[in-house]
Each structure stands twice: as C-alpha cells, then as structure tokens.
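Asks: Take a look at the letters that make up each chain.
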Amino acid sequence: AQKVTQAQTEISVVEKEDVTLDCVYETRDTTYYLFWYKQPPSGELVFLIRRNSFDEQNEISGRYSWNFQKSTSSFNFTITASQVVDSAVYFCALSEAGGSEKLVFGKGMKLTVNP
Amino acid sequence: GAGVSQSPSNKVTEKGKDVELRCDPISGHTALYWYRQRLGQGLEFLIYFQGNSAPDKSGLPSDRFSAERTGESVSTLTIQRTQQEDSAVYLCASSFKLGVGNQPQHFGDGTRLSIL
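Order-wise, the sequence lines are chains A and Z.
Counted the way the working numbering counts, the first sequence spans residues 1179 to 1293.
Counted the way the working numbering counts, the second sequence spans residues 398 to 513.
Think of the hints as simulated: they come from the structure by calculation, not from any bench.
All values reported here derive from a predicted model rather than from experimental measurement.
Hints are supplied without guarantee of correctness; some may be wrong.
Stated by the list, open to error - Take a look, some chain Z residues computed to stay more than 10 Å from chain A by CB distance:
#: 1; residue: T410
#: 2; residue: I423
#: 3; residue: L440
#: 4; residue: K494
To be verified - Where chain Z lies over chain A, by a calculated footprint (3+ residues, C-beta under 8 Å):
#: 5; segment: 1216–1223
#: 6; segment: 1282–1290
For glycine and all other residues, C-beta sits at the position ideal for the given N, C-alpha and C.
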C-alpha cells in the first residue's frame, strides 16, 4: 500500500527565514515517483518537482531545494530565504510506476510567511 | 486552452439532487484524473481515464459516483442523489501517458461543491 505522511500541518515563519517541509512515504514498489505541489490561496495546484526512485541526487531550483533519501523514505523540501509569496499549502505525493500512475497525496502543510 | 478547465467553479445544490461536473483537459493529454479534496485534507483519487476508457475506478466512493470521457477529451463526473458528505472541491488533472516515467499531472482550478 502507498502512503505519504506530512507530519507538520502548519508552519509560520518570518520573511527571509529558511523552512523545511518534511515528507515521508511508504511503498512496496521499487520504481516510483515523488512530487511536490503548491496550492496558493487561489486554489490551483501548481507542479513543482518530480523525482524518480532511482535518482537520489538533490535538486536546487532558485530558492527551492529537495533532499531525497531512500534510506529514510523521505523527500524533504526546503525554501531558502522565504518570501510572502511562498505562503501556500504544500503537498507531497507519490505515484507508482505503471497502472494508472495515480497520485497519493499527503495531507498537506500550510506555510505562512509573515512580512 | 492552455490549461485544464473545469466548470462550474462553484455549485450549490440541495441534498438528493444530481450534479454534473465538467473537465476539459489540456489538448493532447491522453490521461485524465479526478480527485476530491475535502476541507483541510489532501487529495483523494477517484478515477483515471486513458483515452475514453477508465481502467481504474478504484477511488469512486459509492455507486452514486460515475464518470465518462468522450472524444479523448472532455470528461464529466456525475454524482447522483447527493449527500452532505459529498461537499468538497473536485479537481481534474491531465497528463501525457508515455508508458515510461510518470509525467506530472496538471490540475484545473476545481469545482467547489456544496450540498445543503
């Protein structure tokens, strides 16, 4: 069975602080994909990143970085020097290869960045 | 259109009525998904279409829920005899299905359904 756990439900930081969003997943498959999506107050889910299970290299995109560790089944997301526009709900999701490739989502983590 | 389009954006209806929600995916995307997001929760998978067929309906919560897709394009999610627990945001997503490498799903803005 697939499962994604985002233990933090809500975090509040002050602008320019760094913040890390935790994601732990469970799957029996050896080939799978991990995703992060952002849901701003407007409601639309915005795709941020996709990672496959064979690629454990960390990735950096501007102020965003992702740390994938198979040994701990984690795929954590760090925002450096947070900005007010980063305020949103962030979802981690898992998709197994083959079949429907449906996404299994965590419950989301609400990030509030205060000026 | 450029993105996934869903209509209506909001729907308020009385308990027991039937509702139809529409999704227009990104042109050329063969895979189409419906998800449900209850207040304060993550998204729950409902159904997956590849072309016009639905090989995975495992997330539909009851036989009151059904969906179809025509012309490998527009999809309609129908909820019959609505109940208050059906109140949620219903999100549609589409993606390329290449057979290798799960492609990102792109989401519409959703339909917010409220059952009175």
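Asks: A separate judgement is required for each hint: does it hold in the structure or not?
Replies: Results of checking the hints against the structure:
For Z:T410, the condition that its CB be more than 10 Å from all CB atoms of chain A holds, with the nearest at approximately 20 Å. A cut-off of 10 Å between C-beta atoms confirms that Z:I423 is not in contact with chain A; the least separation is 12 Å. For Z:L440, the shortest C-beta to C-beta distance to chain A comes to about 5 Å, within the 10 Å cut-off, and the non-interface label is violated. A beta-carbon of chain A comes within 10 Å of the beta-carbon of Z:K494; the shortest separation is about 7 Å.
Coverage of the segment 1216–1223 of chain A by chain Z holds in this model, with 4 residues showing a Cβ closer than 8 Å to a Cβ of that chain against a need of three. Coverage of the segment 1282–1290 of chain A by chain Z holds in this model, with 5 residues showing a Cβ closer than 8 Å to a Cβ of that chain against a need of three.
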